Amino acid sequence: GAGVSQSPSNKVTEKGKDVELRCDPISGHTALYWYRQSLGQGLEFLIYFQGNSAPDKSGLPSDRFSAERTGGSVSTLTIQRTQQEDSAVYLCASSLFLAGARLSYNEQFFGPGTRLTVL
Amino acid sequence: DQQVKQNSPSLSVQEGRISILNCDYTNSMFDYFLWYKKYPAEGPTFLISISSIKDKNEDGRFTVFLNKSAKHLSLHIVPSQPGDSAVYFCAASGLSNFGNEKLTFGTGTRLTIIP
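Sequences listed follow chains A and B, in order.
Just so it is clear: in the first sequence, position 104 is 97 by the numbering used here, and no numbers are missing.
For the numbering used here, add 220 to where a residue sits in the second sequence, where the first one is 1.
Misleading hints may appear alongside valid ones.
[Said to hold, decoys possible] Capping the alpha-carbon separation at 16 angstroms, the derived lysine to aspartate or glutamate pairs in EDC-like fashion look like this: (1) B:322 / A:49; (2) B:322 / A:100; (3) A:50 / A:61.
Think of the hints as simulated: they come from the structure by calculation, not from any bench.
All values derive from a computational prediction rather than experimental measurement.
Same shape as in the complex, but just chain A:
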């Protein structure tokens, strides 16, 4: 069975340009998460989607970051006017969502990540 896939695997861009990162979650997983890992840091939560509910955007570091999830499946993370501090590995994860269960009890399956380098 297919796991979580992300594209591109690597992206090099110039400061000030916009980038789009794509995530294809596991089929049937209604919960989708974006994280990033900067050099020497842990995984930092960015945004969380669950079904048709409003996304939890509390981890987005600035208004240059936005994400969409179309049709409850594929998600795109967009970074506008990229800065050098945006350089990181961006990871997407998906999980089942069991109503009434603690969110963190649902195992998150991660994609391989997109390594973003802003020059």
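Following the hints, position chain B against chain A.
Just chain B now, with coordinates in the frame of chain A:
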């Protein structure tokens, strides 16, 4: 403000011996803890978890110990095998005041098993 800390960036252990990876946390609201393992160029994969109502959880060669009073948990791998060489992330969650929760990750420890 790093709420989950893995103070050892790297650890080398002889094959067959015990590997002990440590994790400390500061947020007393955390009540569920997980370990993830990551190979190069792959995403992290879930390894083992523990709820704060327990102080130990075991799964094969992997055991996680939780010391709530010290806000400390550790992952024991015994016996260590070459395939265990990876980066290990500790993560924690707890219900926030807003009723939602998210995982807070440590910075990871790179474990190298020496044949």
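We went through each hint and held it up to the structure:
no., hint, verdict
1, B:322 / A:49, "holds (10 angstroms)"
2, B:322 / A:100, "holds (12 angstroms)"
3, A:50 / A:61, "holds (11 angstroms)"
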